[in-house]
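Asks: Going by my numbering, the first residue of the sequence shown is number 64, and it counts up by one from there.
Since the hints were made in silico from the structure, they are not lab data.
Be careful, since some hints might not be right.
[Stated by the list, open to error] Quick list of in silico lysine to aspartate or glutamate cross-link-like pairs, DMTMM-like style, CA-CA up to 20 Å:
(1) K174 with E115
(2) K174 with E235
(3) K265 with E242
[As the list claims (entries may be wrong)] Just the calculated beta-carbon pair ranges, DEER-fashion:
(4) A186 with L207: 32 to 38 Å
(5) R257 with I125: 51 to 57 Å
(6) V155 with G196: 28 to 34 Å
Note that this is a predicted model, so its numbers are computed, not measured.
Glycine residues also receive a C-beta, built at the ideal position from the N, C-alpha and C atoms.
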Amino acid sequence: MNAITRARHAGFKRTTGDAVFHAVNYTVFMLFAFACLFPFYYLFINTISDNELVRIGAIKLIPRGVHFNNYVKLLSVSDIGRSLIVTIYRTVLGTALMVAASAFMGYLVTKQEMFARRVVYRALVATMYFNAGLIPWFLNMSMLGLTGNFWGYVIPSIVSPFNIILVKTYVESLPKELEESATIDGAWYPTVFRRIVFPLCKPVLATIAIFGAVGHWNSFTDSIILMSSQPKLYTLQHRLYIYLNSSSNLGALMSAGSGGTISESAIASTLNMRTMQLTVAMVTILPILFVYPFMQRYFQKGIMIGAVKG
């Protein structure tokens, strides 16, 4: 601790009100953090606890009868593995193309000499407020041959107006002298973008990469609408949706049974379905939980810079 820091601390005296404020502040934020983390913890302990105890709702705070058989069995389900691969391909490819397109488009609309720049930019912004609706969108996708086609997941999300606006704002905050010096040396727009602009845009590109990856990973509506004829292209979220519906339907059939009795096979089916849906739900959220903390610092910097001006 240097002399200036010691002097500042010497002149600062913490009062009782400050201590109370800090205590309340820490308590509130700890409770808020617990409220955010507990659902994930509760889900996880139910996937590794004894299945019979999970069925009767005996697992509250501490896992009991710990095992990892549910995850091992999940890997043996062929449609889960296929859905996981489809989701990974969709997330990686869709996010990469979206980031590349957003970066280059955001760079281009900052160039005053771009042909019809204002028209293109305003058309992009207009799509954020106006859309044709679900049925015209489906008809358009069908005419383009993107129903029952893996590219139906990727192509519609390549151009994102909001992400382009973020990149445009970030590029406008960069020193113009960097581009001018490269232009004087004979570099053209693609070279300037690849060698100078793109490396400097890492914070905002990481931000939109988070947006894109989370959107692709969690999306299942387009899978339901576009891939109804191609079960092999179902995403992991779509598969979880099917398991949730199957569990509900099975429960309704059981409650309508004769005499209110439930057979052992029905109980086993419900048990397997419940543990399966809990395990699949845990698997679907794990990648985001692991990736997001590492991208947090880029996310904060990128979104703040993108909010300065438009």
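Asks: Work down the list of hints and note, for each, if the structure agrees.
Replies: Now for the hints, and whether the structure bears them out:
{"no.": "1", "hint": "K174 with E115", "result": "violated, 64 Å"}
{"no.": "2", "hint": "K174 with E235", "result": "holds, 10 Å"}
{"no.": "3", "hint": "K265 with E242", "result": "holds, 17 Å"}
{"no.": "4", "hint": "A186 with L207: 32 to 38 Å", "result": "violated, 19 Å"}
{"no.": "5", "hint": "R257 with I125: 51 to 57 Å", "result": "holds, 54 Å"}
{"no.": "6", "hint": "V155 with G196: 28 to 34 Å", "result": "holds, 30 Å"}
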